[in-house]
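Participant: Please work from the sequences and hints to get the whole structure.
Protein sequences, first through last, are from chains A and B.
The first sequence: position 26 = 26 (our numbering), numbered continuously.
The second sequence: position 88 = 88 (our numbering), numbered continuously.
FYI, nobody ran anything at the bench for these hints, they're computed from the structure.
Please note that the accuracy of each hint is not assured.
Which chain A residues face chain B? A few, computed with CB under 8 Å, are given here [to be verified]: (1) N32; (2) Y34; (3) G43; (4) Y49; (5) V51; (6) F102.
Computed spacing ranges between beta-carbons, pair by pair [to be verified]: (7) A:Q104 - B:K26: 26 to 32 Å; (8) B:T27 - A:G54: 24 to 30 Å; (9) A:A40 - B:S28: 28 to 34 Å; (10) A:T109 - B:K26: 30 to 36 Å; (11) A:G96 - B:L75: 26 to 32 Å.
Far from chain A, by Cβ distances over 12 Å, these chain B residues were calculated [stated by the list, open to error]: (12) R54; (13) H57; (14) G59; (15) R60; (16) S68; (17) K108.
Note that the structure is a prediction, hence the values are computed from the model and not measured.
The beta carbon of each residue, even a glycine, is placed where N, CA and C say it ideally should be.
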Amino acid sequence: SQTIHQWPATLVQPVGSPLSLECTVEGTSNPNLYWYRQAAGRGLQLLFYSVGIGQISSEVPQNLSASRPQDRQFILSSKKLLLSDSGFYLCAWESGQPRAFFGQGTRLTVV
Amino acid sequence: SQQGEEDPQALSIQEGENATMNCSYKTSINNLQWYRQNSGRGLVHLILIRSNEREKHSGRLRVTLDTSKKSSSLLITASRAADTASYFCATRPAGAGSYQLTFGKGTKLSVIP
Numbered sequence: 001s002q003t004i005h006q007w008p009a010t011l012v013q014p015v016g017s018p019l020s021l022e023c024t025v026e027g028t029s030n031p032n033l034y035w036y037r038q039a040a041g042r043g044l045q046l047l048f049y050s051v052g053i054g055q056i057s058s059e060v061p062q063n064l065s066a067s068r069p070q071d072r073q074f075i076l077s078s079k080k081l082l083l084s085d086s087g088f089y090l091c092a093w094e095s096g097q098p099r100a101f102f103g104q105g106t107r108l109t110v111v
Numbered sequence: 001s002q003q004g005e006e007d008p009q010a011l012s013i014q015e016g017e018n019a020t021m022n023c024s025y026k027t028s029i030n031n032l033q034w035y036r037q038n039s040g041r042g043l044v045h046l047i048l049i050r051s052n053e054r055e056k057h058s059g060r061l062r063v064t065l066d067t068s069k070k071s072s073s074l075l076i077t078a079s080r081a082a083d084t085a086s087y088f089c090a091t092r093p094a095g096a097g098s099y100q101l102t103f104g105k106g107t108k109l110s111v112i113p
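Facilitator: Here's what the structure looks like:
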């Protein structure tokens with residue numbers, strides 16, 4: 001069966017520090033992969049999506065970047081975090097059917 | 001940019017009552033999906049309705065779609081305390097090469113026992 005792993009669950013980072021959030025998918029191949037950010041009590045903002053290895057589309061210009069070094073691995077990064085990068089980050093995948101499966105999320109607090 | 005907009009933003013009802021949430025979207029779509037999110041967790045897919053369907057049922061869920069008005073509604077019948085969660089609609093623009101799956105701001109449903 002397909003599963004998605006997203007870690008860490010919580011993270012507290014100082015302003016100006018780097019960031020690396022990782023998401024891996026098991027049990028499927030060539031999935032579409034997504035990174036979303038959710039501010040407290042708000043909707044989901046699509047940050048990046050990828051339809052294949054090395055193919056990254058950015059929806060919102062910002063302090064973040066994404067990479068897909070392997071078929072089922074999606075990484076969200078930042079060189080220098082800002083206070084405004086705080087939020088709940090969600091990774092999702094879909095493959096073959098229009099139905100997304102989400103990880104459990106990472107709550108990032110930039111202090 | 002966010003494609004869908006749900007209303008109301010928040011809804012509080014008594015257990016056993018029905019809950020109706022609405023979603024409006026902007027562009028032509030092939031289908032519309034509804035998701036549920038428990039507080040602090042990932043989203044879970046509930047139901048999908050295709051653009052050529054007007055109504056769909058799944059258990060206590062009833063979804064309608066009006067493509068002429070670019071709107072959808074989610075009805076939860078006989079609500080339970082366990083239905084307390086946020087509900088989001090999600091759409092993707094119709095057409096080849098459209099991969100962006102965008103979500104609305106959600107409706108926060110509270111079901112009071």
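Participant: Would you mind marking each hint as holding or not holding in the structure?
Facilitator: Now for the hints, and whether the structure bears them out:
{"no.": "1", "hint": "N32", "in the structure": "holds (6 Å)"}
{"no.": "2", "hint": "Y34", "in the structure": "holds (6 Å)"}
{"no.": "3", "hint": "G43", "in the structure": "holds (3 Å)"}
{"no.": "4", "hint": "Y49", "in the structure": "holds (6 Å)"}
{"no.": "5", "hint": "V51", "in the structure": "holds (6 Å)"}
{"no.": "6", "hint": "F102", "in the structure": "holds (3 Å)"}
{"no.": "7", "hint": "A:Q104 - B:K26: 26 to 32 Å", "in the structure": "holds (30 Å)"}
{"no.": "8", "hint": "B:T27 - A:G54: 24 to 30 Å", "in the structure": "holds (28 Å)"}
{"no.": "9", "hint": "A:A40 - B:S28: 28 to 34 Å", "in the structure": "holds (32 Å)"}
{"no.": "10", "hint": "A:T109 - B:K26: 30 to 36 Å", "in the structure": "holds (33 Å)"}
{"no.": "11", "hint": "A:G96 - B:L75: 26 to 32 Å", "in the structure": "holds (29 Å)"}
{"no.": "12", "hint": "R54", "in the structure": "holds (18 Å)"}
{"no.": "13", "hint": "H57", "in the structure": "holds (17 Å)"}
{"no.": "14", "hint": "G59", "in the structure": "holds (17 Å)"}
{"no.": "15", "hint": "R60", "in the structure": "holds (20 Å)"}
{"no.": "16", "hint": "S68", "in the structure": "holds (21 Å)"}
{"no.": "17", "hint": "K108", "in the structure": "violated (8 Å)"}
Comparing the model with each earlier hint shows a violation of hint 17 alone; every other hint is respected.
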